[in-house]
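*Asks:* Assemble the complex: chain A is given as a structure, and chain B must be docked to it using the hints.
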Amino acid sequence: MTTSIQLGIEAFKQQIDAPIASFFNSCVHCGMCAGACLFYETTHDPKYTPINKLEPMRRVWKQEYTFWGRLANTLGISKPINDAYLDEWQELLYDSCTLCGRCSLVCPVGIDLVYMIRKAREGMVASGHAPEGLKGATSRAITIGSPMGVTMSTFKKQVQHAEDECGIKMPFDIQDADYLLIMSSAEIMQFSEFIGAMAKIFKHADVSWTFSSEAFEATNSGIQIGSSDLAAELVQRVVDAAENLNVKAVISPECGHAYTAIRWDGPNLIGRPYKFDVIHVLELLDQLRQEGKIQLEGLDTNKITFHDPCQIVRRGGITQEPRDLLNSVSSNFVEMPCSGKWNWCCGGGGGVSANSDADELRLKSFAIKKGQLDGAGAKTLVTSCSNCRNMLEDGIEEYEMDIEVVGLTELIADHIKE
Amino acid sequence: MTTMELLTWVRGPGMTITIILMLFGIVVRLLEMLILGRKKDLSVARDPASAKYGWRTIMTRSLPSMACLKAVPVTFLTGYIFHIGLFLIVFFYVPHILFIRDLVGVEWSGLPFWVIDGATLLTMLAMLISLWYRISDKVRRYLSRFSDYFVWTITFLPVLTGYLLYHRQGLPYNEMMIVHLVTVQTFLISLPMTKLMHTFTFAFSRWYSGEAAGRKGVKV
Numbered sequence: 001m002t003t004s005i006q007l008g009i010e011a012f013k014q015q016i017d018a019p020i021a022s023f024f025n026s027c028v029h030c031g032m033c034a035g036a037c038l039f040y041e042t043t044h045d046p047k048y049t050p051i052n053k054l055e056p057m058r059r060v061w062k063q064e065y066t067f068w069g070r071l072a073n074t075l076g077i078s079k080p081i082n083d084a085y086l087d088e089w090q091e092l093l094y095d096s097c098t099l100c101g102r103c104s105l106v107c108p109v110g111i112d113l114v115y116m117i118r119k120a121r122e123g124m125v126a127s128g129h130a131p132e133g134l135k136g137a138t139s140r141a142i143t144i145g146s147p148m149g150v151t152m153s154t155f156k157k158q159v160q161h162a163e164d165e166c167g168i169k170m171p172f173d174i175q176d177a178d179y180l181l182i183m184s185s186a187e188i189m190q191f192s193e194f195i196g197a198m199a200k201i202f203k204h205a206d207v208s209w210t211f212s213s214e215a216f217e218a219t220n221s222g223i224q225i226g227s228s229d230l231a232a233e234l235v236q237r238v239v240d241a242a243e244n245l246n247v248k249a250v251i252s253p254e255c256g257h258a259y260t261a262i263r264w265d266g267p268n269l270i271g272r273p274y275k276f277d278v279i280h281v282l283e284l285l286d287q288l289r290q291e292g293k294i295q296l297e298g299l300d301t302n303k304i305t306f307h308d309p310c311q312i313v314r315r316g317g318i319t320q321e322p323r324d325l326l327n328s329v330s331s332n333f334v335e336m337p338c339s340g341k342w343n344w345c346c347g348g349g350g351g352v353s354a355n356s357d358a359d360e361l362r363l364k365s366f367a368i369k370k371g372q373l374d375g376a377g378a379k380t381l382v383t384s385c386s387n388c389r390n391m392l393e394d395g396i397e398e399y400e401m402d403i404e405v406v407g408l409t410e411l412i413a414d415h416i417k418e
Numbered sequence: 419m420t421t422m423e424l425l426t427w428v429r430g431p432g433m434t435i436t437i438i439l440m441l442f443g444i445v446v447r448l449l450e451m452l453i454l455g456r457k458k459d460l461s462v463a464r465d466p467a468s469a470k471y472g473w474r475t476i477m478t479r480s481l482p483s484m485a486c487l488k489a490v491p492v493t494f495l496t497g498y499i500f501h502i503g504l505f506l507i508v509f510f511y512v513p514h515i516l517f518i519r520d521l522v523g524v525e526w527s528g529l530p531f532w533v534i535d536g537a538t539l540l541t542m543l544a545m546l547i548s549l550w551y552r553i554s555d556k557v558r559r560y561l562s563r564f565s566d567y568f569v570w571t572i573t574f575l576p577v578l579t580g581y582l583l584y585h586r587q588g589l590p591y592n593e594m595m596i597v598h599l600v601t602v603q604t605f606l607i608s609l610p611m612t613k614l615m616h617t618f619t620f621a622f623s624r625w626y627s628g629e630a631a632g633r634k635g636v637k638v
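Chains A and B, in that order, give the protein sequences.
Residue 418, in my numbering, is where the first sequence stops; the numbers in between run on with no holes.
Residue 638, in my numbering, is where the second sequence stops; the numbers in between run on with no holes.
In case anyone wonders, no lab produced these hints; they're calculated from the structure.
A couple of the hints might just be wrong.
[To be verified] Below, computed lysine-lysine pairings styled on BS3-like, alpha-carbon distance capped at 25 angstroms:
hint, chain 1, residue 1, chain 2, residue 2
1, B, Lys488, A, Lys341
2, A, Lys364, B, Lys488
3, A, Lys417, A, Lys293
4, A, Lys293, A, Lys169
5, B, Lys457, A, Lys62
6, A, Lys79, B, Lys556
7, B, Lys556, A, Lys364
8, A, Lys379, A, Lys303
9, B, Lys488, A, Lys47
10, A, Lys157, A, Lys62
11, A, Lys275, B, Lys488
12, A, Lys364, A, Lys47
13, A, Lys203, A, Lys248
14, B, Lys470, B, Lys457
15, A, Lys370, B, Lys488
16, B, Lys457, B, Lys637
17, A, Lys13, B, Lys457
18, B, Lys470, A, Lys341
19, A, Lys303, A, Lys370
20, A, Lys275, B, Lys457
21, A, Lys13, B, Lys637
22, A, Lys303, A, Lys275
23, B, Lys556, A, Lys47
24, B, Lys458, A, Lys275
25, B, Lys488, B, Lys556
With the rest of the complex left out, here is chain A (with noise of 0.2 angstroms):
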């Protein structure tokens, strides 16, 4: 991929609308979206705070888009945006930011500061300023399949355990079967139990579904390292799987950016709406749960407590279905402080799990997740994200806590009644 500052400051450009121009003149450095964000919060340094994230995208907006912006740079006394600026802010804008979205609910005239880093990092890739755990990931997911580097022969492979093990055949290109099953590479490779859980579950409520042998892999990388070109490609993938098998719906699986790039950034990027809809695992569960389809049996006594998956919760609106789930299987859940859309991110979202260059800060911004589990006292913490359970194992182990990480779905499989 060609990269130059020309080319990064050009696509700042492109991306500064309406919105972005609205929330560039609104902001008067109030700095209450520090307090919003895991990564000041836990250093304290004033760098993090998120709207200073922003700094190399507001220069461009003043510079290109406002009258005395304009005037500086023809009189020559405009601050420079070079490589050099923007090599700065390569850290603030991938490493301590997992494009949760809690600064975006704390704004006092309502800045949706995660909508800016988003498409400020497609500056920041136009220009070579994207960190190489991210390029890595997503040059494996452009031309292998999937950010860790799983095929399709893998998929089918891992699939095959998979139906060894609990005995249930899993179809593959069913024609207009109702859902299309895609998963994340998490899933696949390292939480390989996702797998059998939604085929028990599925038989168990006669769901019509199928995989597909043309696209399997729900994460999109592109938009974490914030390339729309690449994430369309990656979108476009599923798209074309689930329309040539003509399903009414694909589920997007317990992954949360594997959410938001299938259900609210897809259609945006291959720039059409889909022919199918899109449904959460939790939403397809609760759904089913609902109408009966899905028999559970057994309360769980012990506590249990629930992680909300940013882009589950804050961006996608997922927040009441986890929890009647939950209840169906426990007796015991509580919340953790700040829960639901205020909850804090597991701390590498947005692409910070792929980036080894952000390994020591999330690992520091862990002791906020710890300081809300020990609130919680819960020894079993169950979740919907399989990056977010990654990180949340990796810094439980860290911090020496003895949580054990569980995924809804595997739970409520857990509990189907034989």
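*Replies:* Relative to chain A, chain B alone:
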């Protein structure tokens, strides 16, 4: 030019020029922003009537939040006090209402002088504390630029000179009236050229955020 002639010019043609410049500037800045447009969202909204969430956010972000009070008490309290104070001073001080009536032909009841006097003192106190906090708190200091201090100054001066004028302090009445009017005119002309523009753009930014979140089923 005598003091009286200067005062007559400042409150007459001077104010007319100021208001024309301010309105022109506001229109230019709003057009400059809106002309950038916003792409239609092609994803299927949870609630197609998502505009209502934008209007909702315009209202709800003005409501006090206990979480914000606990997190940033100084910003929170001084922000509320001086915004409400400025609103009362500008729109409910009887001489200001009469001035507005002469300009646009609409009038309403004012508040007693002692209320405005108290509001003015509280506003100045809140603004001074907010300035101290901007300088002493590391996040605010880090974020602040010349424009932030400039905006603070041109907002504070009309309040201060208005207070001194009412209490016959500092300069003789007519001279102080000229100073007060000039500080007000500086504020009004600067409004579209500075961050004071948030007086108008905050509604747009809140609406955009509220609408975008609302269509995903999140009330912000």
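*Asks:* Now tell me, hint by hint, if it's right for this structure.
*Replies:* Going down the list of hints, with the structure as the test:
1. Between Lys488(B) and Lys341(A) the alpha-carbon distance is near 18 angstroms, which keeps this suggested pair within the 25 angstroms criterion.
2. Pair hint Lys364(A) plus Lys488(B) holds up; C-alpha atoms about 24 angstroms apart against a cutoff of 25 angstroms.
3. Distance check on the hinted pair: Lys417(A) and Lys293(A) sit about 11 angstroms apart at the alpha-carbon level, within 25 angstroms; holds.
4. For the given pair, Lys293(A) sits about 20 angstroms from Lys169(A) by alpha-carbon distance, which is consistent with the 25 angstroms threshold.
5. A threshold of 25 angstroms between alpha carbons decides the hint, and for Lys457(B) with Lys62(A) the separation of about 21 angstroms falls inside it, so the pair holds.
6. For a cut-off of 25 angstroms, the pair hint linking Lys79(A) to Lys556(B) stands: about 23 angstroms separates their Cα positions.
7. Distance check on the hinted pair: Lys556(B) and Lys364(A) sit about 21 angstroms apart at the alpha-carbon level, within 25 angstroms; holds.
8. A C-alpha spacing of about 7 angstroms is found between Lys379(A) and Lys303(A), which places the hinted pair at or below 25 angstroms, so the restraint holds.
9. For a cut-off of 25 angstroms, the pair hint linking Lys488(B) to Lys47(A) stands: about 22 angstroms separates their Cα positions.
10. The straight-line distance between the Cα atoms of Lys157(A) and Lys62(A) is roughly 53 angstroms, outside the 25 angstroms bound, and the hint therefore fails.
11. Annotation: proposed proximity of Lys275(A) to Lys488(B) is violated, straight-line Cα distance about 47 angstroms (limit 25 angstroms).
12. Distance restraint check for Lys364(A) and Lys47(A): the Cα-Cα separation of roughly 16 angstroms lies within the 25 angstroms cut-off, and the hinted pair is therefore satisfied.
13. A distance of roughly 18 angstroms separates the Cα atoms of Lys203(A) and Lys248(A); the hinted pair therefore holds under the 25 angstroms criterion.
14. Between the alpha carbons of Lys470(B) and Lys457(B) the distance comes to roughly 19 angstroms, so the proposed pair stays at or under 25 angstroms and holds.
15. For the hint pairing Lys370(A) with Lys488(B), the CA-to-CA distance comes to about 21 angstroms; that is within 25 angstroms, so the pair holds.
16. Note on Lys457(B) and Lys637(B): the hinted pairing holds, with a Cα-Cα distance of about 21 angstroms set against a maximum of 25 angstroms.
17. Between Lys13(A) and Lys457(B), the direct Cα distance comes to roughly 15 angstroms. Compliance with the 25 angstroms bound is thereby established for this hinted pair.
18. Using a Cα cut-off of 25 angstroms, the hinted pair Lys470(B) and Lys341(A) holds, with the two alpha carbons roughly 20 angstroms apart.
19. The hinted pair formed by Lys303(A) and Lys370(A) meets the criterion: a straight-line CA distance of about 16 angstroms does not exceed 25 angstroms.
20. With a C-alpha separation of about 20 angstroms, the suggested pairing of Lys275(A) with Lys457(B) holds against the 25 angstroms cut-off.
21. With a C-alpha separation of about 30 angstroms, the suggested pair Lys13(A) and Lys637(B) falls outside the 25 angstroms cut-off, and the hint is violated.
22. Of the pairs offered as hints, the one joining Lys303(A) and Lys275(A) is violated, with about 43 angstroms between alpha carbons and a cut-off of 25 angstroms exceeded.
23. With a C-alpha separation of about 10 angstroms, the suggested pair Lys556(B) and Lys47(A) falls inside the 25 angstroms cut-off, and the hint holds.
24. For the given pair, Lys458(B) sits about 18 angstroms from Lys275(A) by alpha-carbon distance, which is consistent with the 25 angstroms threshold.
25. Proposed proximity of Lys488(B) and Lys556(B) is supported: the alpha carbons are some 18 angstroms apart, at most 25 angstroms.
In the structure shown, a violation is registered for the earlier hints numbered 10, 11, 21, 22, in ascending order.
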